[in-house]
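Asks: Here are the chains, one letter per residue:
2 protein chains.
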Amino acid sequence: MSPGTVAVYYGGGKLRVLDSRMKMIEVVLRCAICAFGVLAAALIGFDSQVRKFFSVEKKARFTDMKALVFLVIANGMVASYSLIQGVRCVVSMVNGAVLLDKAMAWAIFSCDQALAYLTLAAAAAAIQAAQIGQFGQPELQWMKMCNLYEKFCTQVGEGVVSAFLVCLCMVTVSSISAFNLFRLYGKAKGKS
Amino acid sequence: MSPGTVAVYYGGGKLRVLDSRMKMIEVVLRCAICAFGVLAAALIGFDSQVRKFFSVEKKARFTDMKALVFLVIANGMVASYSLIQGVRCVVSMVNGAVLLDKAMAWAIFSCDQALAYLTLAAAAAAIQAAQIGQFGQPELQWMKMCNLYEKFCTQVGEGVVSAFLVCLCMVTVSSISAFNLFRLYGKAKGKS
Chain A
1 MSPGTVAVYY GGGKLRVLDS RMKMIEVVLR CAICAFGVLA AALIGFDSQV
51 RKFFSVEKKA RFTDMKALVF LVIANGMVAS YSLIQGVRCV VSMVNGAVLL
101 DKAMAWAIFS CDQALAYLTL AAAAAAIQAA QIGQFGQPEL QWMKMCNLYE
151 KFCTQVGEGV VSAFLVCLCM VTVSSISAFN LFRLYGKAKG KS
Chain B
193 MSPGTVAVYY GGGKLRVLDS RMKMIEVVLR CAICAFGVLA AALIGFDSQV
243 RKFFSVEKKA RFTDMKALVF LVIANGMVAS YSLIQGVRCV VSMVNGAVLL
293 DKAMAWAIFS CDQALAYLTL AAAAAAIQAA QIGQFGQPEL QWMKMCNLYE
343 KFCTQVGEGV VSAFLVCLCM VTVSSISAFN LFRLYGKAKG KS
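Those protein sequences? They're chains A and B, same order as listed.
Residue 155 in our numbering sits at position 155 of the first sequence, with consecutive numbering throughout.
Positions in the second sequence are counted from 1; adding 192 to them yields our numbering.
It is possible that part of the hints are untrue.
Restraint-style ranges between C-beta atoms, simulated for each label pair [as the list claims (entries may be wrong)]:
hint	chain 1	residue 1	chain 2	residue 2	range
1	A	Ser-80	B	Ser-247	50 to 60 Å
2	A	Lys-102	B	Ile-265	36 to 46 Å
3	B	Val-286	A	Phe-46	52 to 62 Å
Since the hints were derived computationally from the structure, they do not count as laboratory data.
Fair warning: this is a prediction, and the values are worked out from it, not measured in the lab.
Heads up, the beta-carbon is just placed ideally off N, CA and C, and yes, glycines get one too.
Using the sequences and the hints given, assemble the complete structure.
Replies: What follows is the structure, given as structure tokens:
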């Protein structure tokens, strides 16, 4: 279903075309968030590496760093949430419904905002932890670990990149839901 | 100037009352951001502690942790930005002007959003670094430092709390600027 067809179906108004385009973009973004979120959580959650130091075996896991645990949980949450929201978007596209309910728009806006900030906070904390893991913090005698657990660190890096893509999409989606909410308070309506 | 007087001056419309209230809130928030931002940057930037380990003197400074440097820079930036924006708000309140220029609204919205995410990322990274400093990460042989540099850590903690307040205000302000922007695209206008 191209945006053009939707516009005709809707009656050809400028607003309708904009609405259907926005909804298409929103569906694509929500699907991307879901995919990248699952990818990030899986890459980091299933990451482990065993190394032998003389006779001692040591295993690196994501649970060794609280920031990575937080990242896995946040990305799992945002992926599940985006799946639900994606289904809602598709259903409203098929029905041709336009979001006019303020309570619903407020709920979506609030959740999107909260999750955008949550995923960003999780990614920032993970990047900080990963940065210490990669380069160490010699002033504090925190030694870098990534020379020992190279495979583990590479996979964490891939997960963090994926989580960063989740953030970008989530930020865009939360702007779209802000648009959907606040245009309900349009200037033209308020004139007394 | 109370919101009531402004409403009368504006003509008494519901929208005008809402507008003047929002502007008041925005000014208060922008001033709070400026104050807390300067406080956070100062608390962390001027924090240092010297300790003697046997004959070796060691100095803890915020530059020992990249996350704290990032936090100081981010809070300095957001404080300066909020000062400028606060002055703009006050001027537009005194003039009784309503923001109707889309380009300007987009610029303010984009800057607010960017700085809200930036301050949050900086705070999250600093909290992660502070958490390692406070509790260590024994699995990775990163030892806690805060038992050695107690005064330094307390002050960093105060700075982080202040930075967190900046985040909260910045998130609220960015919602207000989203409101100011997107209601310009009000539904009522778009009907063809």
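Asks: Each hint should be assessed against the structure and marked as holding or not.
Replies: Status of each hint after checking the structure:
Judged by the Cβ atoms, the range 50 to 60 Å given for Ser-80/A and Ser-247/B holds: they are separated by roughly 57 Å. Hint check: Lys-102/A to Ile-265/B, Cβ distance near 39 Å, so the stated range 36 to 46 Å holds. Roughly 59 Å separates the CB atoms of Val-286/B and Phe-46/A, a value that falls within the hinted 52 to 62 Å.
Hint check: no violations occur; every hint is consistent with the structure.
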